[in-house]
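Engineer: Turn these sequences into a full structure, and let the hints guide you.
Residue numbers (our numbering), protein chains in the order written: chain D, -3 to 466; chain F, 11 to 402.
Since the hints were derived computationally from the structure, they do not count as laboratory data. A portion of the hints provided could be inaccurate.
As the list claims (entries may be wrong) - Calculated lysine-lysine pairs in the DSSO-like style (CA-CA distance at most 30 Å, straight line):
(1) 247/D / 273/F
(2) 31/F / 198/D
(3) 311/D / 198/D
(4) 127/D / 82/D
(5) 175/D / 162/D
(6) 311/D / 273/F
(7) 183/D / 173/D
(8) 323/F / 273/F
(9) 183/D / 323/F
(10) 323/F / 379/F
(11) 18/F / 379/F
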Amino acid sequence: MTATEDTAFLETLRSYVGRTGAPQTARDPVNSATIRNWCDAMRFDGEALETAAPDDKGRAPPAMLAVWTMPGAIPREFDPDCPRGKVFMLLQQAGFASMIGVNTEEEYFRPLEIGELLTGTLSLLDVSEQKSTALGVGYFVTTLTEFKNQKGERVGTWKFRTFNFKPRQPTEEELAKKKQRQEQQAKIPKHLLVRPRPAMMKETAFFWEGAQAGELRIQQCRGCQRLAHPPVVRCPACGSYDLGYRVASGKATLYSFVEPVHPPMPFMRYPYVVGVVELEEGTRLITNIVHCAPELVRIGMPLELVSQQTDPGLKLPMFRPAAPSVNRQTRRFEEVQTGEELPLRPIDVTTRRIVAGAIATRDFEDIHHEAAAARRAGLPDLFMNILTTNGLCTRYVQAWAGPQASVTGINIRLGAPNVAGDTMTLSGVVESRTALEHRGQVVVRLSGRNDLGDHVTGTVTVELPLGGRS
Amino acid sequence: MAMSFSGKTAIVGIGATDFSKCSGRSTLRLAVEACEAAIRDAGVTPDMIDGMVTYTVDDNHEIDVCRSLGVDRLTHFSRIHHSGGAACGTIHQAAMAVASGAATYCLVYRAFNERSETRFGVGVQERAPLPTPMEVDFSWSSPFGLLTPASWVAMFAQRYMHEYGATTEDFGRVAVACRRHAANNPAAFFYKQPITLEDHQNSRWIVKPLRLLDCCQESDGGQAMVVTTLERARDLTGKPAVIRAAVQGSCDDQQMMKSYYRKSITGIPEMGLCAEQVYAESGLSAADIDAAVLYDHFTPLVLPQLEEFGFCKRGEAKDFIRDGAIEIGGRLPINTHGGQIGEAYLHGMNGIAEGVRLVRGQSWNQPKKLDNVLVTAASAVPTSALILSRDY
Chain D
-3 MTATEDTAFL ETLRSYVGRT GAPQTARDPV NSATIRNWCD AMRFDGEALE
47 TAAPDDKGRA PPAMLAVWTM PGAIPREFDP DCPRGKVFML LQQAGFASMI
97 GVNTEEEYFR PLEIGELLTG TLSLLDVSEQ KSTALGVGYF VTTLTEFKNQ
147 KGERVGTWKF RTFNFKPRQP TEEELAKKKQ RQEQQAKIPK HLLVRPRPAM
197 MKETAFFWEG AQAGELRIQQ CRGCQRLAHP PVVRCPACGS YDLGYRVASG
247 KATLYSFVEP VHPPMPFMRY PYVVGVVELE EGTRLITNIV HCAPELVRIG
297 MPLELVSQQT DPGLKLPMFR PAAPSVNRQT RRFEEVQTGE ELPLRPIDVT
347 TRRIVAGAIA TRDFEDIHHE AAAARRAGLP DLFMNILTTN GLCTRYVQAW
397 AGPQASVTGI NIRLGAPNVA GDTMTLSGVV ESRTALEHRG QVVVRLSGRN
447 DLGDHVTGTV TVELPLGGRS
Chain F
11 MAMSFSGKTA IVGIGATDFS KCSGRSTLRL AVEACEAAIR DAGVTPDMID
61 GMVTYTVDDN HEIDVCRSLG VDRLTHFSRI HHSGGAACGT IHQAAMAVAS
111 GAATYCLVYR AFNERSETRF GVGVQERAPL PTPMEVDFSW SSPFGLLTPA
161 SWVAMFAQRY MHEYGATTED FGRVAVACRR HAANNPAAFF YKQPITLEDH
211 QNSRWIVKPL RLLDCCQESD GGQAMVVTTL ERARDLTGKP AVIRAAVQGS
261 CDDQQMMKSY YRKSITGIPE MGLCAEQVYA ESGLSAADID AAVLYDHFTP
311 LVLPQLEEFG FCKRGEAKDF IRDGAIEIGG RLPINTHGGQ IGEAYLHGMN
361 GIAEGVRLVR GQSWNQPKKL DNVLVTAASA VPTSALILSR DY
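Structural biologist: Structure below.
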């Protein structure tokens, strides 16, 4: 397109800004079965069923706002008035056929009660000028959906921004660099493409056999029960040569750590952290700290064992941030300090989590339940839908804040996809706190990092009660 | 426990090659050149040498060195293990040999092309997983990507920072002091190249929390010394450096650079054991030490050495060094040759030579008063230490 054509195209797109689509009414009112499905899907691994359950008044978790008016598995009839549909069609026809969700911002005016019937009305807020990003050239399209109940009361809003683009072709320079990288990679001797293999003696084989079995074993004297790591061949305490082992609980705290940078090791993926952890049993171990951004690693942090297959034939016992327990007592506004760090929470992105999350948020896009469809979209496996990410982010803050805290908003930016098999670790820090009438508002800045980078960054706003514990 | 040879032996000759990044000659040639220079400096002749001590990790066989030097008869030869921890241990061994009569003039040497041929800094990832205790030992760390000396030391540094509130700037002050001293030493690789704390803070990461300027150099070169009894030394022309104390130390749950399993890892117990012995043996205390050559493969472990040898309290080295105490003119100038950070990495052997120069009054950064100098070998391994004194 020429510059003039570009301008004309943008004008056409922007002619839909401010227009509103037909109101979409939910097929069912807010109901306990859908709430329960959502709560089950968003439950953290190992979390007690009670804390993951709907609240005692049976109200819907706020982050379910957009769920009720989703079309479900039966495609909705095409809305000829929908300005987003129009704009998307025009973009597709012009070759901007790829699309990703980039920002989502929700405001929850109040929790939804069972029986409320929601209607969502979408309007087109903005179409950006043509932008060039790492993904390609395209347009950011922002829509706003306003939700009302059957009485016409406004209950919340959802602002959603997509990037509709033509995938960027790699430049010659990039292709040359890629080729050079491949050539360099080909020159590395094969044995340096995998981590150094452990050397074993008869007396240390138990440790590595345990590692292969996904266990962490600590040498234990059969005579006096003394533990030793690294293993000895004779118990220095009682003199016994009869040495066995015990299986570690997998609980540990971080004693010290380093982040190697140079020289680069071809068999390591950077960045990585090596830690010395103190096991609950008392011995220490050199290991890797995984599922945690290096800048969030802290001496003293609680850790849990996670067995990792690093290379074919090599499984190693590693540690990651221990999942924190869900707070059963509600924090008071006065207890919260700006700068306070929330405990890290690793979440395994399993197929089950992705599919359960997609269905519970009534998102039946095939990329979230059919691996072949995800591969057609250019990803190696299923990946998480946005409303599940939304749910997990709000639950993360809720689990820290306690059951009586109410989440009133979320504003997140989406990045690297959460692909099945990965682990996302949520972290957060209290960014601001504001006293309101009879309650206090706390904004938590959070990020969810996975192996590919930041899956999500943004804020969750939560309201806390004031004063002493009731 | 008094050592029978305290004050009875001395270093009477020192000799070194040039220190470079590429010597252009074999390690054997470097060893022989250094030995020849040391023999000449001592004012003796090769036929008088009858003892030889080096490191187990040295590639140059005593017998090969002898053939080129023209040393015909050896009545004592031994080697000390544990890499840089051997440094003062070689002098300890030579001193025992001459004190006992096992040898009369003992050569001590170390030579390598550590930069141009076999670099230690690149890591241990190429070692074969053989079922030997040494390889088994590497297996507790190597599969996790903890592969380089810098990374092994960084683990101690991180914990030290956590417990005592030290910062990477405190580590940087050690590098600044060493480079300041090297700047005055024409033999130093970094002659006339001092650095600022800002340079240190701007240098790139090697292993967080260690930066490039926290790491010593990698060098090619050779260093040798001649040890004999003080009685014989007094008949030679040169000024002897009296060995007031020479000791080795290894402690509970000792590991090679990875003694992370001890109750506390912020101190260096084997250095503490050396400190206890050198002071007992010499009858001196920290207050009597006028300068020190503290092993500086990596800056962070210089701090706990100051603590173990009693120059300050535990955890307070960061305060001790803050105002130039370890620089020339300060309470305890350290590494007046520039250390392994500034002069060259010779596995600690060049530091012993600097100890001798200090006693002789020949350092490029000579303190006004110098009666006793402390020299240490590598930290985080089984190690050794010396007190060298004027013949007062």
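Engineer: Among all the numbered hints in the text so far, which are the ones the structure does not match?
Structural biologist: Violated hints (numbers, rising): 2 and 9; every other hint is consistent with the structure.
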